[in-house]
Amino acid sequence: MRLGPAEHHEIEMTVNGTPRSAPAPARRLLSDFLRHDLGLTGTHVGCEHGVCGCCTVLLDGEPVRSCLMFAVTAAGHSITTVEGLAGAGGALSPVQRAFQECHGLQCGFCTPGFLCTVTALLRDNPRPTDDEVLEGVSGNLCRCTGYQNIVKSVRRAAELLAEEPT
Amino acid sequence: MTTSLFGEPIERREDPRLLTGGGRFLDDLGRDALAAAFVRSPHAHARILDIDLSAAVDVEGLVAIYTWEDLPGGVGDPLPLLIPHPAMTHGRTGLPLARDVVRHVGEPIVMVVARDRYLAEDAAELIRVDYEPLPPVVGIENAAAAERLVHEDVPGNVGAHLVQEVGAAPAAIEAAPHVLEFRLDIERSASTPLEGRGVYARWDAADESLRVYSSTQTSTSVRMAVAARLGLPPGKVEVIAPDVGGGFGVKIVHPWPEEVLVPWAARLLDREIKWTEDRREHFVASAHERGQVQFVRVGFDDEGRLLGLDVRILHDHGAYTPYGIIVPIITSTQLLGPYKPGAYRVEFTSLYTNTVIVTPYRGAGRPQGVFCMERTMDRIARHLGRDRAQVRAANFIQPEEFPYDQGLTFQDGRPLIYDSGDYPEMLRKTLALIGWDSFAELREAARSRGRRIGIGLGCYVEGTGVGPYEGGHVEVDTAGRVHVSTGLTSQGQGHQTVFAQIVAAELGVPIEDVYVTTGDTRRFGYAVGTFASRAAVMSGNAVALAARKVRDKALRIAGDALEADPGDLQITDGTVHVKGDATAAIPLRTVAVLANPLRYAFDAEAQRATQFAAPADPAAPPVAPGDEPGLEGRDYYSPVRSTFAAGMHAAVVETDPDTAEIRILRYAVVHDCGRMINPRIVEGQIHGGVAQGIGGALYERMAYDPAGQLLNASFMDFLMPYATEIPRIETDHLETPSPLNPLGIKGAGEAGVIPVSAVLAAAIEDAEGIRVDAMPISPDDLFHLRLRAGTDPSLRL
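Residue numbers (UniProt numbering), protein chains in the order written: chain A, 1 to 166; chain B, 1 to 797.
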């Protein structure tokens, strides 16, 4: 049976720790599903071809481009978006705090993608070298900051994470 | 004391929202709105023979399809020529939807409205447009040769021609002991914000009013344009710039076709409609900049002092001229930089091509002008065998020569008079920061190890804060909150922070109590927009002046309440008190209550202002003649002319002898934007500008083929720099306050980008010993330049 664009699937996934579900066609991108079907507009879309990294979310903890994945593909998986990065009571995470402290954002459009990328980066490598920091953020475009303060934010986030009680 | 004052590098107040997904960008709004999509021309130049909609009409979820034929008068008229100029004899603008002829790939022809964007694009794909392709004009020299025309009624493809002259440059050059003549080329790049354009409109049929959200750099002017096009009173149109994901110039153009069509269709259909630009659309349907060819003739003396400079510029303005000739005007005037040119003649010809329109991109013609002047300085130094920095210093305007009149007319129609600066000191700082004097040894040491390194220097002056005006409104409410609004928009510059700093400092309140709104015509209807590094200068001064009015009024009212002379009062931390006596005090929130004589008490605090509560002069009206109720103030700042910021950059690069890769080893910036409101934000602006400059110098270009197809209209192929391409930027500052405005500030937004191509060209030239006359330069370009220089000695230094 051929499914036309109008055929909707009930797509279920865990988003920021909460089970979510919405009907959407098979061709709906994960980015559009999060933004328009679930109303989580913090994930941004900058190019729709996987280069800019604005739409980066964590799929089962790993950074992915949500514009390069269908929502149906992510069904049954666990997604973390920028809305899910802050701690209990909305306290900014160490990565978020570092970006504020170091002026690591200007217009804020690319920021959610950087925050998701850096959150995973520092989880896997809590004490990255300068080269590892650069490499770690080298898949995300920013047109405002010139990156200097983003790199600084990542280093600062590593410090803040190290100070966190374990 | 919690008051954060002017000049402190405080953290930004907009960040917590943006860091948690709480931003409100255009596509984050209107979740239930219908979506618009456009059929755009695949040809650079073609006649439209037929549009067949039949296959599209059955698409599920389709709501409407519009071609030019469907547009009523006003809506379907040519888009406005925003900045007319007497020299623009042949200005031409496009239609919101093309009628007979398309003149660039990407020009909109059909608008589709459907339930969502996927379905709108389904329908758009099924619309068949029959074209008769016409020969396109691509490239500046083809445009100048005019064997083909972009517009049948524009002879020679010339939209504008302008000459400005100070003294007799040709004669001065003829008489000069040394003369050089050469050509320079700069290719196209573009603003490329990560959020494209977008419009969301909703019509309130009962109220006959329209609300439009647009990702724009000017909400007030979009409002006037939409109201005019749709025949609505401006009072029935609200335009709001929500969070804007970068602008860099491209979003100052207005009204875009989509900004007219989406509100029009929303009203016609009585449905909410949204259009969000996708990345390909942004490449082919918004705007580019930079493309110029320059022919330079310069005469100078033995010290390298300019005696006469004659520059002819061919400027590519694309298919239409909605923004006029601001870019080449800026190139031709700001080319002079911090120098006294002797006699100067500049002539530009602004040409039509079958490519995307050209409108200001951060720097707005200055990068090209600075490239021209700085390449000229380097040529002179090489010719005379003198130090490049010394030749520049020999031509500087001196600190005691301000105000300095360059004798030209600037982009605001006002005389090009520099207000203040200290260029010799700035050069001293720059040379010290980069280690200029000891670099020759480093270069030779590197060379002996088979490495090629070079150093470059570039200086610029930037007219910032152009008029005509901006306004500010400050209101203290009865809870002590201070509401600040200004009409210009924000695209990431931190206005909610810096304007709050200014008002907190002027008023004497904690910054936590200050709330700033920008770009919302509901709050402030009169404004110009955010461009030309003007927001801090214009709205910064306007909100300061408005805050001073509020302060004066607060002191007057508090003086009555405390039975004190207002001159003996001051406001600290939100409380008015007698200087040196903390006990005689009244909070601003209470002053706000007293400022508004009430009949009805809405809460306990408000009872103080009711008729039987306060002792008042029974012979005087409760609101004195000339006074107004409320603790608020509004004021405007309108400068007589622009204020001139300046900067100098220096860089060290290394070029790979085999692969011709170009690596920036060091990048140093000394910058003077007068008094800094927030040094952290100024530095951020500089970093971002330099990164865009590096993109434009080494990576970014618009690759049009001869048929007018943009071959690299994606982020896969248009190479914007990642973190790995941008070096650490070393900065130092100089503060020469502007005497023109109350706060002494100058603009900083565009500064970083301006001299980068000039600086890197100079550094690469220095490393390679080969002339660099064209930018951008890729490893491939450098490789071929080396091959040519191998057989052509004139290319070698």
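It should be emphasised that the hints constitute simulated quantities derived from the structure, not laboratory data. As the structure is a prediction and not an experimental result, all values here were calculated from the model. Mixed in with the good hints there might be a few duds.
[Claimed, not checked] Label-pair ranges, simulated between beta-carbon atoms:
1) B:Asp717 with A:Glu135: 18 to 24 Å
2) A:Thr18 with B:Ala601: 43 to 49 Å
3) B:Ala55 with A:Arg27: 18 to 24 Å
Glycine residues also receive a C-beta, built at the ideal position from the N, C-alpha and C atoms.
Outcome of the hint check:
no., hint, verdict
1, B:Asp717 with A:Glu135: 18 to 24 Å, "holds (23 Å)"
2, A:Thr18 with B:Ala601: 43 to 49 Å, "holds (46 Å)"
3, B:Ala55 with A:Arg27: 18 to 24 Å, "holds (20 Å)"
Taken one by one, the earlier hints all hold for this structure without exception.
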